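Take these sequences, add in the hints, and give me the full structure.
First to last, the sequence lines map onto chains U and P.
For the first sequence, the residue numbers in numbering that gives the first Met the number 0 are 0 to 515.
For the second sequence, the residue numbers in numbering that gives the first Met the number 0 are 0 to 515.
Keep in mind that the hints were calculated from the coordinates and are not lab data.
You can take every hint at face value.
Because identical chains cannot be distinguished in the list, a pair is counted as satisfied if it fits within a single copy or across any two copies.
Pairs of lysine to aspartate or glutamate residues, derived as EDC-like cross-links and limited to a Cα-Cα distance of at most 16 Å, are as follows:
1) Lys281 / Asp158
2) Lys281 / Asp107
3) Lys295 / Glu306
4) Lys295 / Glu270
5) Lys447 / Asp34
6) Lys283 / Asp107
Just so we're clear, the structure is a prediction, and the values are computed from it rather than from any experiment.
2 protein chains.
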Amino acid sequence: MNGAEILIKTALNAGIEVCFTNPGTTELPLVAAFDSIPGIRPVLGLFEGCCTGAADGYGRMADKPAMTLLHLGPGLAYGIANLHNARRAHTPVFNVIGEHATWHRPVDPPLAMDVEELADTVSGWQCSSASVASLSRDTADAIAAAQKGQVATLIVPNDSQWSQVFDETIFQPAISPADIDKDTIALAAKCLKQKQNSAIILGGRALRRRSLLAAARIQSATGCDLLSETSPARMDRGIGFPLIKRIPYFPAKATGLLSQYQAVVLVGTREPVVFFGYQGGKSKLLTEDQQITPIKAGQPFLPEALESLADALEAPIRLNSKTRDSESLQRPDLPEGRLDATKACIVLAALQPENAVIVDESITSGGAYYVLAAKAPPFSWLTLTGGAIGQGMPCAVGAAIACPDRPVINLQADGSAMYCVQALWMQARESLNITTLICANRRYEILKLELARAGNASPGPMAQSLYDLAAPTLDWVRLSRGMGVPAVSVDTAEELAKELKAALNEPGPHLIEMII
Amino acid sequence: MNGAEILIKTALNAGIEVCFTNPGTTELPLVAAFDSIPGIRPVLGLFEGCCTGAADGYGRMADKPAMTLLHLGPGLAYGIANLHNARRAHTPVFNVIGEHATWHRPVDPPLAMDVEELADTVSGWQCSSASVASLSRDTADAIAAAQKGQVATLIVPNDSQWSQVFDETIFQPAISPADIDKDTIALAAKCLKQKQNSAIILGGRALRRRSLLAAARIQSATGCDLLSETSPARMDRGIGFPLIKRIPYFPAKATGLLSQYQAVVLVGTREPVVFFGYQGGKSKLLTEDQQITPIKAGQPFLPEALESLADALEAPIRLNSKTRDSESLQRPDLPEGRLDATKACIVLAALQPENAVIVDESITSGGAYYVLAAKAPPFSWLTLTGGAIGQGMPCAVGAAIACPDRPVINLQADGSAMYCVQALWMQARESLNITTLICANRRYEILKLELARAGNASPGPMAQSLYDLAAPTLDWVRLSRGMGVPAVSVDTAEELAKELKAALNEPGPHLIEMII
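Dropping the structure here:
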């Protein structure tokens, strides 16, 4: 057994099932090990941004890490942006980078970069494996670190991969002890009992099913509001789940919502802040008058922390169905006529099937969707956590591989879609059940809006050229078919409804360009 | 005048003509400044890898920097891989990153990354602008640093951009004094006179026209061979230029060429090393028995350094035309029948017009091209310097913008092409005279070759799946047309010749998919 094989065997033994990769010469022993130690499914991406974005989507749905395998500095470099999104999503990722042989590094060959420095920008944990002797332990440590909800990077020199292993002991990832600060739970309970107008802001894994059912108990016992961070990694939603108010993106609206609370409890998220610091604006959305109580618990232990809080509040375990706002299905009526962004959202909310995974990188176009889908059948909703655009398409790939029995729908802005457009090829290659809805407004609408907000409502021709995507028009049908994904273009609500139904009824990926 | 405007004014005054960008909210004052201080042409890329790759191509052809404007950490992250290539090419790049307002950074908003750490992986010079008061000076310093042949990164917080300037003094980039170590020139002259079998290895700007004419004088005076690093940033080639032997990629062939020399002089390049450290192999291509004399000179001063060396050797300034190997045009005959990689190279070498810029990211498919084009009409040949694949298409964009009167031909591997495929849209948008020749072998052939070299001639199905791009087949005609670039597919040599002639005779971009 060589180093590559003991790495793969350790990962397989720890429950790793899939590896998103675009390998090169410094990863060849690992490439060969996928055959000699079978069990991990390697999935090829045509660009590392697609690999890391897929690993993010997978981890959000599976709550366990996928492996990546990236080609030294350049491969990691292309993958950094979506690893940043994964970092902000607290996604477990076992991020493996092949590196030059240790003895070859000193000559600084053409592909050499400072891989450690590069990886450090996104990794919660990282290790450059020192020798083949420690490779199983390093692998187990990396996976244990990833499972805490972070990007764990293992850099493996080529000579460690090809060297023979003398001790074939397979290490197991250490099981993390429950990482919950009970004092902060007691404080939160006290605060929620005392304050009239209180809210819990939920983030990370506090927005998954089990957490939300506990949150509903807390709400029922205290009358607090339940809020979500603006861009959650994954929120389980729809009927049966409590209604969650999403903190708006723009500061004035966010402050409008948040200012009504005397007390705010934070679970799985930080104190809410503005995305961008505007001239004359502020960074924080809460004021010093508001009592802020963060519950301290590791991401995997958030459901347990919320259940402890519910118990501390003596909230009944079974809720009376009348107390649940969103018990009964409530779908919008299908709209008619010329499509626009709002109608597109209505069609989606009206037709999305039970158990759908909605990967929402719609940026401005999807503004209406959140509220419209509140009483849809149960579904999971994934958003762009770190603002590195282009995450939607590969995220859908990872989600579909993690959940092959759930339909995945990617509500996707056109400008952002172009960043990792190669993910369509992965969708075709792996025959994934993904329907991509392209919001073809043919501009970076957010940039136009932000320019107007900054007082530049009539930008000059140069500025206009930087948000206008209309010349030439991107032809999404050709792009999609060019990568093997069947595609159509629609410009009425009726056509969209018809094509969305058809896409959802047929296996494999589909793309619908929505001219809005 | 605000900070953004003084930055743009300083850059314009320093000769910056173009900015490759995909801006966001933290760059809005700079976006507006393209209109209020007109003169710099902003060119939108749909992905930052295209912006930085274009800046690389521009700098290689213009020998002066383009500006980039990237959206804080995530935008820089997507651009890092091609900045790595630019770093290895010694390309001047004025790399501007918008950053959060200084007062907003401490709350670590969602898009925040450690931009300085990220930029440090590729920058030869970098500065986080401390305040608007120093912004003109910082800009001038960055441009001066870039002009030395490196990526110079200027990180500009949003508040520095929007703040008003009190002192409107525009700083000029300092002119670098000639950075040539005359002692090393004397040593090189002595070495070339003494040793029978000697060679000069040329790299960086030592492969541009003026350098090469000096190198021809040296060759004529000493009989030395002229060699090139394996992956030059830009080599001016064809009739009128001396014949340059390119150091082969694989170690055995490289050693075969290099072992014949008793002495080697290095100009604009480092001691040649193997790309990858193979099991049982070595890093260096030269041995301790061989005398190595590096000429120490900054990249912009390499032509002068070579002329000094020629003068030191008393080489005549005008060469007798008989001493020039490559004086007379010698084109291969057009091939016939089913296309293959070699025939594709022959067609290109037979038809490429005078003054063409050949951007060659053909990886394995273009193996035959280098020798075939030796006696073509004068042209420039640009290659992948840092091994971060995907550089070809955006490099062609930058080259075409730097040299609007020269036809640009991109000989492009299909797998690599998918990395920055969005560059086709830039080609259409800017109506650039670029003909892209896609080498559609539908696999990562280099990975297959390297697996075989590593003793894995019959890889298992998992390994095979990681170099096979055939399922589904990429349809380059659809992809290209989807981004507004007219395209055809050919599978015979005759069709290729016909379509290449047609593409070169018509303005604007074209793509030819070559099924090989």
